[in-house]
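Undergrad: Read off the chains here:
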Amino acid sequence: MRTICFYFQVHQPFRFRRYRFFDIGNDHYYYDDYSNESILQKVAQKCYLPANSLMLNLIRKYDGRFRIAFSISGIAMEQFRLYAPEVLESFRELAGTGHVEFLSETYAHSLSSLKGKEEFSRQVNQHSKLIKEYFGQEPQVFRNTELVYSNEIGAMVTEMGFKAMLTEGAKHVLGWKSPNYLYCNAINPALKLLLKNFKLSDDIAFRFSNQSWSEYPLTTEKFVEWLNQTPDNEEVINLFMDYETFGEHQWKETGIFDFMEALPGTVFRNSPFTFSTPSEVAENLQVVSAVDVPHPISWADEERDLTAWLGNEMQHEAFEKLYALTEKVYKSGDDAIIQDFAYLQVSDHFYYMSTKFFSDGEVHSYFNPYHTPYDAFINYMNILSDFEIQVNAAVQADVDVDIVRLSKIIREKDEQLAKLEKRLADKRPDPANKRVASRKPSTKKNRGTKKGRS
Amino acid sequence: MFGWEFPPHISGGLGTACYGLTRGMASISGLEILFVVPKAYGDEDQSRVRLLGAGDVSLDIRKVKEHQYLQDLSYIEIHSNLLPYTSPEEYEELVNKAEHQGERLVHTSMGGKLSFTGKYGKNLYEEIANYAVVAGEVALKYDFDIIHSHDWLTYPAGIAAKRASGKPLVIHVHATDFDRSGGKVNPTVFEIEKMGMHLADKIIAVSNLTRKTVIEKYGIDPDKVETVYNAVDPLPDHEKLKLKRGINDKVVTFLGRITLQKGPEYFVQAAHKVLQKMDNVRFVMAGSGELLEKMIHWTASLGISDRFHFTGFLKGDDVFRMFSISDVYVMPSVSEPFGISPLEAMQSNVPSIISYQSGVAEILKHAFKVDFWDVDALADAIYGILNYPSLARMFKKYGVQEVNDMKWENSGKKVYDIYREFVK
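Which chain is which? The protein sequence lines are A and B, in order.
Per my numbering, the very first residue in the first sequence carries number 1; after that it's consecutive.
Per my numbering, the very first residue in the second sequence carries number 1; after that it's consecutive.
It is possible that part of the hints are untrue.
Below, in silico cross-link-like pairs of lysine-lysine (DSS-like), each with a Cα-Cα straight-line distance of 30 Å or less [as the list claims (entries may be wrong)]:
#, chain 1, residue 1, chain 2, residue 2
1, A, Lys132, A, Lys61
2, A, Lys321, B, Lys365
3, B, Lys167, B, Lys184
4, A, Lys356, B, Lys224
5, B, Lys212, A, Lys321
6, A, Lys328, B, Lys194
Read the hints as simulated data drawn from the structure, not as lab findings.
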């Protein structure tokens, strides 16, 4: 069996407003509602809506022989709900066909997998619930933010109950091996790995409209020819890309929609390939070997590492200071704070602080609302400073509430004691007077232990 | 080359730039530079340039000519008391004031064929004209291939030399009157600049910002104008210049002439904002200029005088001493053709904030950039650098690297390439 596995990433961050240092402690609203709404609606019109309707038509046209997978971040889902519910509706329609798989990821499109299991699994669960609620599926396959993966992360994901995970077919990890097979985790072989064929994926996602590319223009016939040229025993071609490839990164005028519309037909006509969802790939194919990834990889830049998010000192400072607050955030029990914490974790904020774009090109600057990474860092740190004040205040308030509650109990008990002693004194007029007097210190002691116990 | 000042007797970036450029060109073989300034003092850097003092050079052209063959750079002195950045109006005031106090600003110990009398220098334009006359003389007596004039005060000299010799004229625009005046251009200065630019065979601008001004405001053919960025000399032995910091407070420094062009008021406003949020910080305004008193009054009325300090004009090593105790350097210039001082700050490991309205912003990556009028952004950047430690570390680490890659040799090479267009 030879098959193609299409997976599309859908994500939009909640962008921050310009937040100055004099706002710290005075203004606790961090978001740029105007750009969030206008960007989302623009992308909805240019990409999500037309692309969804195209995918729906293709699935219906080929009666389920064409099938795809999505991963939609929780943050993007929230924005659809707020600004473009019709997009959510069109995804539900796709889910309804039974030929679209929805993958699991971190709710906040975060890098929490690098910070241990607790916050990571919390976000994965939160996201799974959301997917279940909207699309009626319980995600079986996990894809981490920016396809970040390592042996340890894979092991955590297995423990969370996933059977397969997606990541990058990074050259420095694979060496001579081909990404076109099913692999497994090096620690726990129960976790199957689907590796992105970055050459063929990026031919569509990045190079499609590049007129200086020697293969321009890319036709479906040419693309299917390349699929056919892969060795016969290679079983799966994983085409993983941002969904915004359609209509946003590659404009409609480039013919990207026409390409996609024609692709399944050409595949069926000119090749033995079928289409599968990640779950089906994991189920139907045999694992050929384990992949050892001791250091985290991602699908970004030439290096396929984490340096786009955690490559310089600013990014590290922001990242460490944010996650240092984790415990307090949940201790506060304040929903608004927990929500802000999620929005602060969105990986895009760290991407904006990357100094790599000084050398590593347009992709970085294209998505960046800030003039410079320094700008992005200061804005983020100002917000984080305010957030920290809020978190501390909430935790402090919690302590205050406790103190109020406890002193109330003490007061009540004191009153009770006084009453009882009064009754005692009333019952035994003369000799008791002495005993009451002598007991007074021990009453105080009682009060002390009560306080301690509560 | 005709230039109006040469270190250490400078009042701004012009002299520094001329000096750097000549040094950067000193290593080019087969190239000799004759540098003509209105007045030489004799204590200028003589490691690469042999300088001739006023007493030595009595405009005996023949004698100087011999020196030219001995030295890469000869240096003719024409006595002058002019400041290149003083407007003619201010200059008049200065001279009047000086006379009133019974001082003689002007010496006329000049020998030679020109009648530099006691009245000479009283009028700026007259001085420029006299300088041009000397330039014409120099052009006749010396053998050279290219005339290179730095800024408007020496354009007439360049033109005179070109007329006398027929050699190509390159003018080097370090600033225009649009930068200096904040838009209220002095018509006479504008005319001189315009004439120089039109008669020049080639124009060198110190940034694309300046190139644009030259093309748009003076109506010059874009093909004639080329950008050659300035650079910065390697830091002098800066360990020696370290000042012991007497206070625990952070120090934020403005260093430049306190004039409209440099945007000192934006610095005061930003300081006021920052001081409302943190108290372990002090602001220093180093420099002098027509807005100094206004700034002093203003900081007093804002109630921040106890945290805002004025040092007066700093030069030479004092600049680097100031940098050695600074945590942030700020250059909020309204219009800065280039701006060498942030480079000097960065060399001294001081994170810098510069305005987008400066030429140096075109080439610097590891400096924080704001629009000069955006006081909120400026204050925010100052606060950020003082409070989020990784930011200062990043600026220091990459800033020094970046600045060290800017070499006068590269600028000198570019200027030389421009010469080669005329001299095969």
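Undergrad: Take the hints in turn and mark each one as holding or not.
TA: Now for the hints, and whether the structure bears them out:
no., hint, in the structure
1, Lys132(A) / Lys61(A), "holds, 27 Å"
2, Lys321(A) / Lys365(B), "holds, 26 Å"
3, Lys167(B) / Lys184(B), "violated, 34 Å"
4, Lys356(A) / Lys224(B), "violated, 36 Å"
5, Lys212(B) / Lys321(A), "violated, 45 Å"
6, Lys328(A) / Lys194(B), "violated, 67 Å"
In summary, the numbered hints that this structure violates are 3, 4, 5 and 6.
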